[in-house]
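S.K.: Produce the complete structure using the sequences and hints provided.
Going line by line, the protein sequences match chains A and B. Position one of the first sequence corresponds to residue 1 (our numbering), numbered consecutively onward. Position one of the second sequence corresponds to residue 1 (our numbering), numbered consecutively onward.
Treat the hints as calculated values from the structure; they're not laboratory data. Where hints are given, some of them may not hold.
One copy or two, either will do: identical chains are not told apart, so a pair holds if it fits within one copy or between any two.
Claimed, not checked - The list that follows gives simulated cross-link-like pairs (lysine to any residue, SDA-like), each with its CA atoms no further than 20 Å apart:
1) K190 - H213
2) K337 - E351
3) K171 - Q208
4) K190 - T215
All values reported here derive from a predicted model rather than from experimental measurement.
Okay, here's what each chain looks like letter by letter:
Protein chains: 2
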Amino acid sequence: MSVNEILQRAKKASVGCAVASERVRDHALTEMAYALREQADLVLQANEQDMDAAREAGTPDPLLDRLLLDEERIEGIASALEDLRDLPDPLGVVQMAETLDSGVAMQRISVPMGVVAMVYEARPNVTADAAGICVKTGNACVLRGGSLAHRSNLAIAQVLHDAACAAGMPKDCILAVDTTDRAATDEILKARGLVDLLIPRGGAGLIQHCVEHATVPVIETGVGNCHEYVHAPADIAMATEIAVNAKCQRPGVCNAIETLLVDESLAEEALASILPALHENGVVYFHTDPMASKIASDLGIPAVVSTEEDWAREYLDLEIAVRCVKGIDEAIAHVNKYGTMHSECIVTENEADAERFLSEVDAAAVYWNASTRFTDGGQFGLGAEIGISTQKLHARGPFALEALCSYKYVLRGTGQVRG
Amino acid sequence: MSVNEILQRAKKASVGCAVASERVRDHALTEMAYALREQADLVLQANEQDMDAAREAGTPDPLLDRLLLDEERIEGIASALEDLRDLPDPLGVVQMAETLDSGVAMQRISVPMGVVAMVYEARPNVTADAAGICVKTGNACVLRGGSLAHRSNLAIAQVLHDAACAAGMPKDCILAVDTTDRAATDEILKARGLVDLLIPRGGAGLIQHCVEHATVPVIETGVGNCHEYVHAPADIAMATEIAVNAKCQRPGVCNAIETLLVDESLAEEALASILPALHENGVVYFHTDPMASKIASDLGIPAVVSTEEDWAREYLDLEIAVRCVKGIDEAIAHVNKYGTMHSECIVTENEADAERFLSEVDAAAVYWNASTRFTDGGQFGLGAEIGISTQKLHARGPFALEALCSYKYVLRGTGQVRG
Numbered sequence: 001m002s003v004n005e006i007l008q009r010a011k012k013a014s015v016g017c018a019v020a021s022e023r024v025r026d027h028a029l030t031e032m033a034y035a036l037r038e039q040a041d042l043v044l045q046a047n048e049q050d051m052d053a054a055r056e057a058g059t060p061d062p063l064l065d066r067l068l069l070d071e072e073r074i075e076g077i078a079s080a081l082e083d084l085r086d087l088p089d090p091l092g093v094v095q096m097a098e099t100l101d102s103g104v105a106m107q108r109i110s111v112p113m114g115v116v117a118m119v120y121e122a123r124p125n126v127t128a129d130a131a132g133i134c135v136k137t138g139n140a141c142v143l144r145g146g147s148l149a150h151r152s153n154l155a156i157a158q159v160l161h162d163a164a165c166a167a168g169m170p171k172d173c174i175l176a177v178d179t180t181d182r183a184a185t186d187e188i189l190k191a192r193g194l195v196d197l198l199i200p201r202g203g204a205g206l207i208q209h210c211v212e213h214a215t216v217p218v219i220e221t222g223v224g225n226c227h228e229y230v231h232a233p234a235d236i237a238m239a240t241e242i243a244v245n246a247k248c249q250r251p252g253v254c255n256a257i258e259t260l261l262v263d264e265s266l267a268e269e270a271l272a273s274i275l276p277a278l279h280e281n282g283v284v285y286f287h288t289d290p291m292a293s294k295i296a297s298d299l300g301i302p303a304v305v306s307t308e309e310d311w312a313r314e315y316l317d318l319e320i321a322v323r324c325v326k327g328i329d330e331a332i333a334h335v336n337k338y339g340t341m342h343s344e345c346i347v348t349e350n351e352a353d354a355e356r357f358l359s360e361v362d363a364a365a366v367y368w369n370a371s372t373r374f375t376d377g378g379q380f381g382l383g384a385e386i387g388i389s390t391q392k393l394h395a396r397g398p399f400a401l402e403a404l405c406s407y408k409y410v411l412r413g414t415g416q417v418r419g
Numbered sequence: 001m002s003v004n005e006i007l008q009r010a011k012k013a014s015v016g017c018a019v020a021s022e023r024v025r026d027h028a029l030t031e032m033a034y035a036l037r038e039q040a041d042l043v044l045q046a047n048e049q050d051m052d053a054a055r056e057a058g059t060p061d062p063l064l065d066r067l068l069l070d071e072e073r074i075e076g077i078a079s080a081l082e083d084l085r086d087l088p089d090p091l092g093v094v095q096m097a098e099t100l101d102s103g104v105a106m107q108r109i110s111v112p113m114g115v116v117a118m119v120y121e122a123r124p125n126v127t128a129d130a131a132g133i134c135v136k137t138g139n140a141c142v143l144r145g146g147s148l149a150h151r152s153n154l155a156i157a158q159v160l161h162d163a164a165c166a167a168g169m170p171k172d173c174i175l176a177v178d179t180t181d182r183a184a185t186d187e188i189l190k191a192r193g194l195v196d197l198l199i200p201r202g203g204a205g206l207i208q209h210c211v212e213h214a215t216v217p218v219i220e221t222g223v224g225n226c227h228e229y230v231h232a233p234a235d236i237a238m239a240t241e242i243a244v245n246a247k248c249q250r251p252g253v254c255n256a257i258e259t260l261l262v263d264e265s266l267a268e269e270a271l272a273s274i275l276p277a278l279h280e281n282g283v284v285y286f287h288t289d290p291m292a293s294k295i296a297s298d299l300g301i302p303a304v305v306s307t308e309e310d311w312a313r314e315y316l317d318l319e320i321a322v323r324c325v326k327g328i329d330e331a332i333a334h335v336n337k338y339g340t341m342h343s344e345c346i347v348t349e350n351e352a353d354a355e356r357f358l359s360e361v362d363a364a365a366v367y368w369n370a371s372t373r374f375t376d377g378g379q380f381g382l383g384a385e386i387g388i389s390t391q392k393l394h395a396r397g398p399f400a401l402e403a404l405c406s407y408k409y410v411l412r413g414t415g416q417v418r419g
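M.R.: This is the structure in structure tokens:
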């Protein structure tokens, strides 16, 4: 099927998705989970083919691990669909209700977006997560996964589509793009009138490509150049524990820190605790400004002098930049200049300065004395997270069901006209 | 000043705008209104130059009228700023407050967007409206008005900027682009990292250009191909009154109807009432399908057979398309195919079918037995309207202060790390 045909079909299906009752949508999620378990073999076979092809192509181990499905992971995906089903209905919520001066009764109610397109990379579970969230929110979805997981994605989408339809959702409510052609992505980005919302998920390259070329509405996700700033007076043990957690627990995720900023007045003391702790927890590269370089070298920790680019890099690895700053103004300026408006943290015992940081730093999530690693839909209690937005329009930070809904004004009159 | 320099300055100013207290922002609005009245001469002189140049260039009268400022219009603009001041503060609203399992206290609070760019056409009052709304919402703004009103816009922006700064807002909080070069618009559209939200206001050409070329987040506004559908059984007198109001009261606005759809089963009776009424109220062109053509010709009303393009046109004039449909399915399909998701109306006494229309038509505002002309921020009680969104992301329908705000998650801990 051509991409245009897929989008046309999804658009048509979206009318039926929007009017599907809560009962039908929740029943569909039950059936989707059931079908995924029952037809696990079919999905696992497709995944094995993907794995074989990926191994042959010399794909590195961490990527192979992301690609891999097994019984346990399938079970995880299926039960996530059931968790989704059990969340409250996001549709039909009356957000406003007023009688206009003319006597017309007005309501603002939540409605689906229409057609949601997802463009994403390696992990095939995203296919099921996205399809499930779209069924819950009454949206038709068009899924365009990475080529590595192509067969797995198609198999999952087919199983879920058929189960959803059998439960009463309209035909074509879940469609996967059945080509690995890169032009398919670009066609989706430009499909004005057919795609109501585009969500890219993946590396910085994919997201930048989507944001720069999309003419359809898009939510920018995920790139996280996050900072921890240690400001005097600070509990150095706390600052150290937070740095180790935020850098080393999962270095490959977007809410990990990439740069440590330290107030010059406590730099020596703070870095004497933090740098060795990071080193012991696996950090191998330290990109440092001159003052931090000197301290590192005194501590016997290998450091290289940081370049301008290093402050802007999202390492996603056991690498960190370290800079000493002359107090909070310089720290806030640094964060607002190099940060990606994701998650930013200050560690200090000075409440007034902490509040300034929370207020003046422009980011989705700002922390005082807690790890940036908490930026996560599950942690925030939002339910099934579809991504973490780094833009300010519509959704910011972790976003879930609510962000896949729009609203409409419904007005009921008795013949009123405007005077 | 180059556009890039303007944007850089606005970005810098946005930090100060975001932390300006409610007292300072409201005081600024008072001073802006005062300055506009006191320096009305300066603005009127600039407007006279714009008017002279526009007349010389052979600008048509309706456009000249939009461009014109006088004492009364200045007073209207000034008092709108005072109305804005009196609205509740949209910033710092606590939208969520929870304690995470880890004990971290989380709040979601409303914050400014940052830098809001407006690209707009003829009417110079938009300059003041946009500047005022941005001051109220703590945003820095970059204003790029049409070349016809160039001198008026610059004068207004300067007066307002100086008054806002004197009241405590940061330098460069209100900046107008001081060139009529079209490339300036394109530079704004591409200014990722400097522009947090772009709002185009004007004709379909301008909006399409912005939406297609912007890489910054944008709210699409205003194009309205709106419909009235008369469904059996209907109160024909009501249907007629609504048609006349929705088509003829102000044909040049986006919430006017452009196409009349009539159920075949009452076409003869309904059109015998509606077509002459529209004709008497000034409608000169009727683009009709074959059945409506026949009825129009029997009534002695001049009609031309409608082309496919005519169904999609926003006439913005005393022109209307008329089509007979085989019931509600065809009506809904027509509206969803040709409409621009703005305002759509059904006139009927059949409640069940009316509810189907309200539910299945995909538009910002859907009406049962009331005129589409009510789609307006003032009518909806939203306060100062900045535009009418025809997209589903972030803001839909008339939008005002709330849409110029984002939110951030603020988390306060005591050293928590993620397990």
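S.K.: Tell me the hint numbers this structure goes against, listed in increasing order.
M.R.: 2, 3
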